[in-house]
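Novice: The lines below spell out each chain.
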Amino acid sequence: MKKIIFILSAIVVLSSCGLFNKLAAPKHNSTALSLAQSAYREDSALYESFKILGTDLSYSHAADIYDVIESTIQQKIDLDTTRKYNTQILSMDHTWYNQVESARQDHQRDGTISVNHINVNGALLNQIGHIVVRTETTYK
Amino acid sequence: MSVDINSIISGVYNDFANNFLAAIGTDSKELLVTGATYVTDAKTSLVAIGTAALATENPMSWAEFKLKLIEEGKRAVAAFKSVEQLLATDVQSFINSQIASFESLLLGQLIKLQPVT
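Residue numbers (my numbering), protein chains in the order written: chain A, 1 to 140; chain B, 141 to 257.
Hints in this document: simulated from the structure, not taken from any laboratory.
For clarity, every value in this text was computed on a predicted model and none was experimentally measured.
Every residue, glycine too, gets a C-beta built ideally from N, C-alpha and C.
A few of these clues could be false.
[To be verified] Far from chain B by the CB rule (all over 10 Å, computed), these chain A residues:
| # | residue |
| --- | --- |
| 1 | Thr112 |
| 2 | Gly122 |
| 3 | His130 |
[Unchecked claim] Cut-off 20 Å, straight-line C-alpha distance, at most; resulting in silico cross-link-like pairs (EDC-like, lysine to aspartate or glutamate):
| # | chain 1 | residue 1 | chain 2 | residue 2 |
| --- | --- | --- | --- | --- |
| 4 | B | Lys206 | A | Asp106 |
| 5 | A | Lys51 | B | Glu197 |
| 6 | A | Lys140 | B | Asp167 |
| 7 | A | Lys84 | B | Asp230 |
| 8 | B | Lys221 | B | Glu170 |
| 9 | A | Lys51 | A | Asp110 |
| 10 | B | Lys183 | B | Glu212 |
| 11 | B | Lys214 | B | Glu204 |
| 12 | A | Lys27 | B | Asp167 |
| 13 | A | Lys51 | A | Asp64 |
| 14 | A | Lys140 | B | Glu170 |
| 15 | A | Lys84 | B | Glu224 |
If we strip away everything but chain B, and leave its shape as in the complex, we get:
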């Protein structure tokens, strides 16, 4: 019985590649939503900080204005960490499902290669 290994592996690879590209497409959309949520909230904070600094009565001191900007900067870091965590979680669950799928496809091919007794 002749076995076309290249064809078997190529079929497994094509399935993996298509799933991988589809997962990146889905993740990109989620990351954009996370980014959009962050910039909307950042606008509110920056407007509040700017308004407090430029208030005609009891304006925020320059030192405090800088401190609040630094605190806002930490929000930006947190937003990036959120995206990073989301990506890490998604990549890990993608890898787990792909490994399971890869195993299943290879096992299926191995079973087919067993001689009929």
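Next up, chain A with everything else stripped away, as it sits in the complex:
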């Protein structure tokens, strides 16, 4: 009788272990981290170049770079859509994408980017990029 109880207990234990593995929260994903790092590098480089070149950089010269950054973040959104329990990380991704679009529109409206927009949008983009990269890095 005890042997039967033992076998039944083992079956329950093993099946519960499988169930909890399926419920695991998002884990470290090297591709998602790499995409976050790329977008962070790209927008940091763009705003650093504005600081070096001053306010002479017209929107037409930077439009392609905004496209590349948005495309990188979009690739991350597509990947994160497939991850389990992704509500928080997807929300952060969309905030980042919207910030790039907001910075692009400010630049487009300025024609040649203003000092205010270089400083403010540069800081806001740095902040959200840092948050996403840190989140992806700390996944276990």
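With the hints as your guide, set chain B onto chain A.
Specialist: Chain B only, in chain A's frame:
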């Protein structure tokens, strides 16, 4: 053979409780680091927004100042979501390891209770 179930369960519980409290201690430190990183970056953004609004030449308009503050507010939300995600991930991996440990301890006790043939 007499079995002291209370003693067995109490041993398993003590192990679980100690591990749980240790994990909370570790997580609290990680959360503080995340919070500190966020407030350092927030200072840079708020200084940039404030400086743009108060610039003597071409100051940012009031409407745009408010818009940028709203955008900064979204960073705060993102930082909280980052902490929330970190906590959820840590809690889930803690639960998984505790379940495995709990299973192992109980199975060990079950095996000990088997009659020697």
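Novice: Compare the structure with each hint and give your call.
Specialist: Hints, verified against the model:
{"no.": "1", "hint": "Thr112", "result": "holds, 13 Å"}
{"no.": "2", "hint": "Gly122", "result": "violated, 7 Å"}
{"no.": "3", "hint": "His130", "result": "violated, 6 Å"}
{"no.": "4", "hint": "B:Lys206 / A:Asp106", "result": "holds, 14 Å"}
{"no.": "5", "hint": "A:Lys51 / B:Glu197", "result": "holds, 18 Å"}
{"no.": "6", "hint": "A:Lys140 / B:Asp167", "result": "holds, 12 Å"}
{"no.": "7", "hint": "A:Lys84 / B:Asp230", "result": "holds, 15 Å"}
{"no.": "8", "hint": "B:Lys221 / B:Glu170", "result": "holds, 14 Å"}
{"no.": "9", "hint": "A:Lys51 / A:Asp110", "result": "holds, 16 Å"}
{"no.": "10", "hint": "B:Lys183 / B:Glu212", "result": "holds, 10 Å"}
{"no.": "11", "hint": "B:Lys214 / B:Glu204", "result": "holds, 15 Å"}
{"no.": "12", "hint": "A:Lys27 / B:Asp167", "result": "holds, 16 Å"}
{"no.": "13", "hint": "A:Lys51 / A:Asp64", "result": "holds, 18 Å"}
{"no.": "14", "hint": "A:Lys140 / B:Glu170", "result": "holds, 12 Å"}
{"no.": "15", "hint": "A:Lys84 / B:Glu224", "result": "holds, 15 Å"}
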